[in-house]
Structure formats: C-alpha cells, structure tokens
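There are 2 protein chains.
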Amino acid sequence: MEFSQLKSWVESANGSLFPIQNLPLGICSYNNKKIVCSRLGDFIIDLSLLYENNFLSIPGLELRHLQNDYLNDFISLGADNISNLRKQLIRLFSVENSTQSGMLQSYMISIDDCILHLPISVGDYTDFYSSKEHATNVGIMFRDPANALLPNWLHLPVGYHGRASSIVTSGTDIKRPAGQIVLKDGEVPVYSKCKQLDFELEMGFVIGKENKLGEPIPIQETLNHVFGLILFNDWSARDIQKWEYVPLGPFLGKNFASTVSPWIISLDALAEFKTEGPVQSPTPLEYLSPEPLRNFDIQLEVYINDTLVSKSNTKYLYWSISQQLAHHTVNGCNMRIGDLCASGTISGPEASSFGSMLELAWKGTKPIPMNDGSTRVFLQDGDVVKMIAFTENKNYRIGFGECIGKIVS
Amino acid sequence: MEFSQLKSWVESANGSLFPIQNLPLGICSYNNKKIVCSRLGDFIIDLSLLYENNFLSIPGLELRHLQNDYLNDFISLGADNISNLRKQLIRLFSVENSTQSGMLQSYMISIDDCILHLPISVGDYTDFYSSKEHATNVGIMFRDPANALLPNWLHLPVGYHGRASSIVTSGTDIKRPAGQIVLKDGEVPVYSKCKQLDFELEMGFVIGKENKLGEPIPIQETLNHVFGLILFNDWSARDIQKWEYVPLGPFLGKNFASTVSPWIISLDALAEFKTEGPVQSPTPLEYLSPEPLRNFDIQLEVYINDTLVSKSNTKYLYWSISQQLAHHTVNGCNMRIGDLCASGTISGPEASSFGSMLELAWKGTKPIPMNDGSTRVFLQDGDVVKMIAFTENKNYRIGFGECIGKIVS
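So the protein sequences, as listed, match chains A and B.
For what it's worth, my numbering labels the leading residue of the first sequence as 1, then goes sequentially.
For what it's worth, my numbering labels the leading residue of the second sequence as 1, then goes sequentially.
For reference, chain A alone in the conformation it holds in the complex:
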C-alpha cells in the first residue's frame, strides 16, 4: 500500500491530526516516570516499553535514551537511526500488522492519562524575524512607512538571541511581567505591570546534529542538522520592549516566557508538504542560495478564548529554515543538539493573517472583536491564547498539537 494511504489499526488515528504518517516525538509522564513517546490518534505510544519488550531496535539505542526527561539524548542517535525507528513504528501500528494489536495495546496510554512536558532541553534559543509582512508592518507602525524595512532586511535573515531558561510547554500559565515602561512619550519611566501583553505566532525548528565551533553549515547541508519543527508562541511585552530595545535589541520584553507545543514533528513527516517561498529580490548571496521548494505549507491559527483571531501559514516566510541556519553558522557559530530557532512572527499578506495583536489591532487603533462581544487590543488577565498548526493533503493531515497559555496576574 502506498505510504500516503496507509492506515493504522489504532482507529482514532485515521483521519485525525495524529495519523500513522505523523508519529511526532515528545516527552510524557505517567505512573511517575518520564519517557520518550509518540502519538497516534487519542493515544500516547510509550517507546521505552516498546524497546524493553524488543519491538524497537536501532544501533546504540539504550533504555536511558527513552527513559529520560528530554529528547536530546535520543536525538543524538542520529537522523538515519531515528528515521529507521520511525519505520519500525509505522510497521508495528499499520493495519497490515493488526494481528499484533492486542499485544501492542499494552504500550498505549490514553492521552488523558498523561502529562506532556517540554520535549527538549534547549541550550541556546535564537529568534529570527523572517516574515517580510511582519517586519514591514512593524516598520510602518514604529519607524517610517516609506522605508519600513531596514537596509539589511532583504539581504540576510535578521535574528537575535533569546532566553532558553523561560521556554515552557503548552498549558503553562503566563504571569504578566512587570518592568520599566514609559506611560507617555518623553516622560520618565515608571515601574509597572505590562499593559501591552501580546503573543507572537511562530514556527520553531530543533537542531538534530551539531556543528563544531568555527565550521559553518553549508546551505545544502542545513536540513541534515534539523531534527524537526515545533509550534512556538514568543510572548511579548510591547511597552517594556519599546523602551528597552535600543540599541541592543529586545530583552525583558521577551524573556519572561515562550511557549512551545509538546510535539516535535519530524522533517520526514513534513517532506510531502514543501512549497515555494516568496520571490527573493535582490538575489541572496551565494551562502544563502535557496532550494526551489524552501518553505513548508503549514496552516496556522490563533485563538483568544475560542475566538479565531488569526489564520496564517509558514509558506509566507521570506527566509527559509535552511537560510536561517546557514546564516546563523556562517561565522562559525556552533549549534548543539536541542538548540531551538524560531521564525519570528509569521504574518501573511492579509490583515486576517497577521501573527500578533500589535498588527491585528494595528497598534491599538483597530480593536479585535471577540465572540462574546468584547474587544481586545492587547491581552487581558484570564485570556487564554491557543495556537494550532496543521498541514494536509488529500489523504491525511499532520497536526502539531496545541500551544496554549493563560495570562495570570
């Protein structure tokens, strides 16, 4: 049977966002142990139990890789080995292996009986700024509408270092940060709770293979260094950010929290969904030469308290993952397994596809209507922000799981 038409004997998987073609990786706990797991439909698959009972075998694999607080050690086994393990999972759980379903069910746990955790220990986290529409919108609002993009933007994927310690998993409450803000232009700053709390809709990628310090990753090899993709909300305190960010960039306006989805989606699972990106003009320097299908066609949605406020897509990104990674390492900067890079806010060409409240409410001038009749220009205490991401073809869908956070005071 053709791979794209393959079904699982786990019936809730078929047609769901977690079909047998997805098989994301994450970390969950149940019965007081943390393990590496995957998901099929409404079930978690316990890879450590499968390994202990000899259903999985790849070179170098030991129980410590699968009974672990994070995926990093497992990822260190290498892309080829993990692709191989993925094929073993597909074989085990496909309809063609229904005869073993009784036995294999003992390695499945209902999703409701597990807690999902931050899947990786992030060494360094980098945030890019790769949506032309987002950079243009911000430039229009805060700088010069006639010269919204700064001179470097079309030549390189602008990025900066973020905070790794405050990356949390979906479901973690987000405490409204305090700090210095300026209430009116030209006045002195005051200490205050943030009054302009925002989300940023982003897609991240996780490093699966290191490069040594001093050795750039050529653009043709970049995807061999990427383990998979993860949905990302880069919470932003706009008023703190606005006052602090010159000349060294965002700091406390960003580093109080970022939320990731619990699952990492492998590039194997996304290979069917590559697509062209926007035309790049001027032509990038050779070390940034893009492949023809450099982007992924992944649909993105943001909800505030169940009101859909944004529909975007990773295909809008001007700079691709490959270009980001080639640029990040062109100076010899070393990436380690588990390092995380995020795209920056993903805004599309339509106002409905803007990836932040700053843009959706256009600096407070266009309040966003909620289903309950209220409006928002920034987030209020108690608001729940939910992001989802999925991609689909005529045979199946691939979901990322939810990226959720509730604002608390």
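None of the hints are false.
Identical chains blur together in the list; that is why a pair holds if it fits in one copy or across any two.
Straight-line Cα separation of at most 30 Å, DSSO-like style, residue types lysine-lysine; simulated pairs:
1. K212 x K33
2. K212 x K195
3. K406 x K184
4. K212 x K406
5. K209 x K406
6. K242 x K212
7. K87 x K274
8. K386 x K366
9. K209 x K274
10. K209 x K34
11. K406 x K311
12. K242 x K132
13. K209 x K193
14. K406 x K175
15. K175 x K212
16. K212 x K386
Hints in this document: simulated from the structure, not taken from any laboratory.
Since we're looking at a predicted model, the values are computed, not measured.
Based on these hints, arrange chain B on the given structure of chain A.
Chain B in isolation, oriented as in the chain A frame:
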C-alpha cells in the same frame, strides 16, 4: 592570626595572585580525569582527592560533585556549604597546619601538569552594557555626539542575550569569522572575512542560586544568587555587527566566540574589595536602588602580543552586578545555576582605560602603537590578546588568571 595576614605552607602561594585568601574554583584534567579544583600559588588542589581521603565534608557532598566536567552540580550545594568548604581548605593549607603538609602535598599537582577547562556549563549568557564611558564612546562614534547616550541608558542597565554555546576557555584559538559586511556605506553587502575584529574587556558573574520563573530577585537578595566573578572577553566583529544589528541587536558579530578565564573567584574572596560606584543621576527606580558599596575595585589589563594596550577597573561600571540581576529578573525571568552575565565593555574615563580597540583606536583614526613598532586599529591574524584581572590590599592580592585567545585565519 588575622585572616588578611594569613599565610599558607604552600610557599609559592604567599605573595602570589593565588594566596590562601583567593582559593578560586575551576575544572582541570590530569591523568585523564576531570575534577573540581582550586589553586594555591603554582599548584592545583584536587578537591576530589581531598574528599575521598576525608579532608573535606559538607552536607550533601558526594564524589560526583567533584569528579565532574563542570562546577554546576557542585555549585548546587549552596553558598553556605561552599563557604564552609572554603574555610576547611583555608584551615588545611594555612601555616598553622604545616604538620599535615607532607600528607596534603599528594593532593597538589603542579599547574604545568594540568589542563584547565571551561569551569561551568552555561545555560544562558547575558551581556550588559553597563559602562557609561563605553556607551558614550560608541554613541559619539556611531550616532550623535550631542546625544551619545540613548534615552533609556541612565534609567536601566541595558542588556541583551548572547550565545552560550560558543563560550570557550582561555587559550582556545579564535577563528576569524566570515559573514556579510558592507565595504562602503550605501553599497550592497558582500560575503567576506571580518576586517574589524575586536576584543571587549568585561567582567562576568556566575549564577549560584536559581529563582523560579515569575519570581523576581529583590535587589537586596541579588548577591545571594551570585556564585562568583570571572574575567570575560566578548570578541566582536565590528563590521558584521554594524550591518546586522538593527533593529534586534548584535548577533553574528558576537556569537562566534567569547573567552572566559579558567577560575571563578568567589564573592567571599572579593568581600574586602567593595567600593563605591559612579554617582547615579537620575536616581534609579526603587527596584534598582543600589547599596552604598556596589562595585568591586578590580584592576584590569589588556595586552596584544605583550604590548599593554588598556588599563581599566571594574569600579568604573555605572550599573552594578546587583542592579543588573535585579533588572534581569524584574519581569520574572528565571536564572539557573551556571548562567553567566557579563558587564559589557569596561571603559574608564581616560583614553588609556578604554576596553575595546574600537575605542582605543577611535574607529580607526588613532592607531595603537605596539612594542615591535607596528600599529593596530583592529586585530590581525596571529595576534594574541591577553586579559588579566587582580585586586590587592596591603596584605595580599587576588588574581583571576589569564583570559587569552590567539586569532587564527
């Protein structure tokens, strides 16, 4: 005997930069094992052997803390316990304990027979910008001499996130980075080796106690969260930085390498050397209220190939360690054990005390004379940059060890 007049039976310690009052902590290897160590004069003290032979005892201490690639696990034992262990070391190696010197010598290794390593596994690295003279110099050179400091600078310690993965220990060669630079203003960028490679003279501090996400560290408690100080060279590619840094701050111009000295000097050892800082006007907001003696009087020197090019001092810093840490966490950002914060370039009021070549050669207009008759405006391949730091009173000196890097192409 008064502590400040105490001598060690290790004769090379007395009068050296590593007297019994210093006892820094680091990681070294010899005989194919990595261990936690201290230094006295010309000798490394192997703390793991001392522990194994029952000379050291603090609650919770196990061999794994002392046979370790990094100090992080050891630091997690807590400041009180580590202060206690420090007192045990002082007792063992003081002249008053000379009777045990024969026995204890078997736990000492000549400094020449060890390799010193990066002492901590850095989770997150933050770089501040806390020298008013440095920020002013940069502002004069690149922005507006009449308004050299940006509006936020006197209100908060400006900082940004740097790269943890590329922090290396003293002695590691520094490969000249390549990247995008603009050869003449207004022209298109080219891919090139960096032509404006610089050092930045900085002092770092290492986090010794975590705070939870969402829980700021009040300024009065900040020093309880600091394990010690470390000398820091934040290598900078000025041409890469100049093109890339708007609007999100330095990235590839900095993240190709930073070098730290091998030793962490405890706040206990530096307690005698606290001093006032520059007058702060306007008065900082309450969460940044400084203690009266907020700075350390630590002398700093930079050599290029044995030519002394800068003499500075940490006392010049406008924003103190306490203020940096209180600000960093005011929004709830969490610090983890081993996280590293650096001061930013430490420039003093005199031209001879500027902490970078950018300032010393004033943007290339005042070439720096070398002892061999050549000059420098930026670093050349083969140049060796050496930084040292020490503090002294009438009885003893405390040294940080050297922070060295050679530029290779």
